[in-house]
Every structure is written in C-alpha cells, then in structure tokens.
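Q: Residues per chain are reported as follows:
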Amino acid sequence: MKLIDRLPTDHRPVVPLMGYPGVTAAGRKAKAALTEPVTHLECMTLLENRFRPDALFMIMDLTVEAEALGLDVTFETDGPPSVVSHPIDDAAKLAALKVPDPRRSGRMPLFLEVAASLKGKLSGMLGAYCIGPFTLAAELAGPEDLAIKTITDPDFAKSAVDFSAEVGRAYATALVRAGADVVAILEPTAVMLSPATFEQFCAEPLARLGATVRSEGGCPVLHICGDSTHLFGPMATCGMDGLSLDHPVDLAKAFEAVGPGTVVIGNVDPVGVMMEGDPQSVRKASGILIERFGDLPNYVLGTGCDLPGETPLENIDALMAMREAAGA
Amino acid sequence: MEDDLLTGIKAGVVAGRLGGMGDMTRAALDTGVPAADIMSLGLIEAMSIVGEKFEKKEYFVPEVLVSARAMHESMDVLRPLLEASGVEPLARVTMGTVKGDLHDIGKDIVSIVLTGAGFEVQSLGADVPSEKFVEAAAGGAGVVGMSSLLTTTRPRMAEVIRLLEERGLRDGVKVIIGGAAVTEGFANEIGADGYGADAAQAVRLVKSLLGIQ
Ligand code: B12
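Heads up: the sequence lines are chains A and B, in that order. Taking our numbering as reference, the numbering of the first sequence is continuous, increasing by one, and the terminal residue is 328. Taking our numbering as reference, the numbering of the second sequence is continuous, increasing by one, and the terminal residue is 1213.
Be aware that a few hints might be false.
Unchecked claim - With a straight-line Cα cutoff of 30 angstroms, these simulated BS3-like cross-link-like pairs (lysine-lysine) come out:
no., chain 1, residue 1, chain 2, residue 2
1, B, K1056, B, K1010
2, B, K1207, A, K253
3, B, K1132, A, K29
4, A, K93, A, K2
5, B, K1174, A, K158
6, B, K1207, B, K1056
7, A, K158, B, K1207
8, A, K284, A, K98
9, B, K1207, B, K1174
10, B, K1056, B, K1132
11, A, K93, A, K119
12, B, K1010, B, K1132
13, A, K158, B, K1056
14, B, K1174, A, K253
15, A, K31, A, K158
16, A, K158, A, K29
17, A, K158, A, K93
18, B, K1053, A, K31
19, A, K253, A, K98
20, A, K98, A, K31
21, A, K29, A, K93
22, A, K253, B, K1053
23, B, K1132, B, K1207
24, A, K253, A, K119
What the hints assert, rightly or not - Beta-carbon label-pair distances, calculated as ranges:
no., chain 1, residue 1, chain 2, residue 2, range
25, B, G1086, A, G233, 29 to 39 angstroms
26, B, G1019, A, D72, 45 to 55 angstroms
27, A, G217, B, G1022, 53 to 63 angstroms
28, A, K121, B, R1167, 33 to 43 angstroms
29, A, L97, B, R1167, 24 to 34 angstroms
30, B, E1184, A, G217, 27 to 37 angstroms
Read the hints as simulated data drawn from the structure, not as lab findings. Here a beta-carbon is modelled for each residue, glycine too, at the ideal position from N, C-alpha and C.
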C-alpha cells in the first residue's frame, strides 16, 4: 500500500523527526542509544508514550552504512555521530568494497533489532532511516572530492553512487523485513547539485532504492535538507511515496511538482521554531502551514529536519496538538 | 595575441578547464603579459564571474570547485613571480568552520571566491579549535572568518571573540561569520564585525570592512 493510503483519516497526520529529544528526555547519551538496543528502545518507548506520532522514526544516524563499510566513526560531540575521514578516493579502493550483510555488519543489527521490537507495538507507523546513495558516496570519497569528480571523473562518481545505492538496498530491505513501515532515504549532500547533475547521478539510484523498499512492502520517502527547491522536478521523478522537506522551501512548489498521489511532509523550522521557540511559536508556525495545506489529503505536518536534542518536549506537544486543529 | 591568451585564461577558469591552465599561463608570461595582469584581469575577473553564476544558481557547488582548481593551476605558476615582485594581496583572511562542526563546503566556497577577489586566504579546515583562530589573528591575519551550520556549535564564535579580546588582539582584526546556523542579529549579539549570507556578500563585506573599493 502506498503511503497516501496508509495515512489516518480521522485526524491530521503529524510526524516530527524527534529521535534526539527522545535521547535527552530519557537522560541518556547519544552514543548509548546508538550502540545499545535496549537504550535505543527505551528512548523510542518514551517518545511513543508521550506523543503517539502517526509515524515514529528511530534515531537518525548518518554513519551506520559507512561504518558497516569499515569507515571510522566518532561520537565525540554528544549529538549525532560523524564519519572521521573519507578514504575511498579511487576506483580500486571502491572496487574492493563489498555490500555489507545488514544482519552482521557494524551497528546495522541494532536498528534491525529495535525495529523488530517495535513492530506491531506502535499506535502509528514505524519509520526507519537509510542513507541516500549520493550522501553515502560523499562519506566514502569526501563531499568535495565527489562533487569535483561529478565533472572530472564521472565514471568514478557514478560507480560510487551506484555502489552506495546497492548498500542502501540491502539495508533497507532488512529494515522493512524487520518491521519498518516507512523508510526515509536521507540525501542531504545532494542539495549542492544542479538539477542536471542530480538527474545524471542521483535520480536512477534513488528510484532503484525506492523501488526496493516498495517491493518489500514499505513506503519510500525522500528527505533532503536545506533549500532543495531547485531539485523538486527531478526529485518528483524518483517514484517516491513521499518527500520530506526542510524549512527554507515553500511546500506549495513541492505539491505542484509531485501531484496528488505523493505525500509531502514538512516543514516547521527545527531550530528557529522547534528548538528556540515556545509552544506559542510552534502553534503559529504550524498554523500557517495548516492554513495553506491543511485541506490537501497528501499533506503531513512535520519538522523540516531532525530535531536537535535540546528541543523542549512542550514544543513537540504543541506540534502534536495540531492533529485536532481546525481544518482537519 | 596577448589579449587572446588572457581571454583564454579567463574563459578556462570560468569553464573549469583542467590540465592546461599552467601552460596557458606560461605562454601568456612568455609573450610579455605581466603576472599581476594575469592575476587581476584573468583569474580575479574569472572568479568574480564564477561567484555571480553561483549567486544566480547557474553554477552549483561542483562547478565552483572545479573552477577553483583551474584557478589554482594558473596561480601555482604565478605565485613565485608575484612573491618575487612584491605584489601584495589585498589582505590576509583566515577561514574555518568552528569546533564540533564538520560542514566545510560553504566556507570553502567563500574562501574560493575571496581568493578570486584578490585576498590571500588561509584555510583552517573544519572542526577548528577556537585557539587556532586566535593563533591566526596573532600571526597577522587581517580578517578572521568563521562558519557554523550547527546551532549547537554557534557559541564557539562568541568564544573566539572573547579569546581575541583577552589577548588584546580584537582591535587588530575584523571578525566575520556565516553559515546556516547564524544570522545578522547573532553577529551583532556576539560583537562580530559582520555577517555574510553567501559568498558574494562575503566579498562585499570584507571589502567594506577594510575600506577597499
Ligand atoms: C550537506 C549537509 C551535510 C553534509 C556535510 C558535508 C560536508 N562535509 O560539508 C553531511 C551529510 C555530512 C551533514 C551532516 C550533518 N548535518 Co548537515 N547539512 C547539510 C546541508 C543539507 C547543506 C550544507 C551545505 O553544504 N550547503 C551548501 C553551501 C554552499 O551553503 P552554505 O553552507 O549555506 O554556505 C554558504 C553561506 O551560508 C555562506 N557562508 C558559509 N560559511 C560562511 C562563513 C563566513 C565567514 C561567511 C561570511 C559566509 C559563510 O556562504 C556560503 C556560500 O554561499 C544543510 C542544510 C542547510 N540549510 O544548510 C544541513 C544542516 C546544516 N545539517 C544539519 C545537521 C543537523 C547535521 C547532522 C547533525 C545530521 C545528523 N543527524 O547526523 C550532521 C552533523 C555533522 C557535524 N558534526 O557537523 C542541520 C543543522 C541544524 C542546526 N541548525 O543545528 C542542517 C541545517 C539541516 C537541517 N535543517 O536540520 N550535513
């Protein structure tokens, strides 16, 4: 079933990306939540009990796939981890990499275990993340080197992105089989590309990854943060069930690009409003979105991107309360 | 002929033609074009066109990075000559992303466009400890540029300014900031000298702070 057909009909769907506020609320460290399944699960349970979102996403981690491929990862800041260096700088090193088995590589098993534990126990859907092919290729080769190679060595860039899509397909398949209903494909680094370069390198691998999620019975959603307005055209051709978009964009343009069968999720400012604001400012910002898009059956109110761990829970309460707001 | 070579160098940088820029630069020098002219009429003009194209979304990050490489091929030939002839850069700028923050693309674009505008830019990289910015100021940088895209790393900028004050270096240096986590208002709040929303603004900002036309 496509995402649009799985949305609730008795209230307006609201889906904040709130893994890190969950970690903070549980009084845990990001590293613990991302290395110990019980701790991850504890954070998820807390979020589910307090907010009952229409989709509960696990904690975002853009390093899982790179780490499974052997890259070093640091948890130095008590926030999201990051990749330390980008050693895959030529075709030979790329060719030496194998698609990891999600059941036994790095921390992939942790996410599979958490998904399996949450399956069937949530009031809404279960959401998982998988890194986008261009963003993973940029972690392997270095974002600027990969950007340059899209022009100077397109064969390498293409192979790196293609290989990364295969890594994503194996992992996303395992996530859906473990219990994820929705897989959000995170492709932030592609925001720096022109529409033509996006089409040349990202569109087909993303479509392939999305098709895999769908064939396993999951719903693929494409998430790009930052101002992705220039990419709406090619993003709409990737065959996704939904687009999740960040606060600098005007969602009206996204609705135009995708048509009525595709869900558009967004885009309350995660920092300026959700973290730095108060419940009043959350009501105001989401009220404007609802006034503009609340009547569209393919609209889901959400945050533009992952919420920082410092986001006050009352602000998330205020966002969730918009489920019942007028216009629903 | 000389004009053709200069036009070729300029066009080569704008188009990001790699591999032949060094030879083209040597050929121009052989026909008597002064190194300073190749720098200002070739490279600097080319990079200002690249900056404009980026601002107008005709160019995106990959195109700017490749143009910057082409510019560097030519600059590698010119640098020893310019140094020998004592041609001074407009000013020295130190640029980095603050500690804890690994987003480096934005500040690199700013560095590239500033270099193209005739500044000497020292890049400190990303995840830069506050102390390093202070060392750069002590070492004679006229401008310290800091980038932050993560809100959680913003306080580092105020920390650098405080350290500069403590060391008595603050008056001798202009501090500019940018990146998705900061605003003009934040720049005022922490006592920075300016905020730039993009690379083109960064050039205008640095020039106006230093009183350069
Ligand atoms: C690409 C990207 C990444 C890449 C970075 C690749 C790299 N090596 O740089 C990857 C995928 C690795 C990444 C990781 C993360 N990211 Co990120 N990322 C982005 C994204 C989509 C684009 C940034 C970019 O490169 N833009 C292109 C450049 C050209 O633009 P720019 O940076 O804005 O720079 C221009 C101007 O700002 C200005 N400028 C920049 N610096 C300076 C400095 C001076 C002195 C001046 C004058 C001007 C200036 O000029 C530049 C050129 O015009 C932004 C979205 C956004 N809104 O920016 C999120 C974003 C910055 N990321 C974000 C987050 C949360 C993260 C992660 C924590 C995600 C996670 N959950 O794991 C990690 C953190 C890693 C770390 N410790 O730093 C958030 C930050 C939220 C916040 N305010 O705190 C953003 C804003 C997305 C969002 N809406 O939530 N990210």
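Q: Which constraints among the numbered hints does this structure fail? Numbers only, ascending.
A: Of the numbered hints given earlier, those the structure breaks are 2, 4, 5, 7, 8, 10, 11, 12, 14, 15, 16, 18, 19, 21, 24, 25, 26, 28, 29 and 30, listed in rising order.
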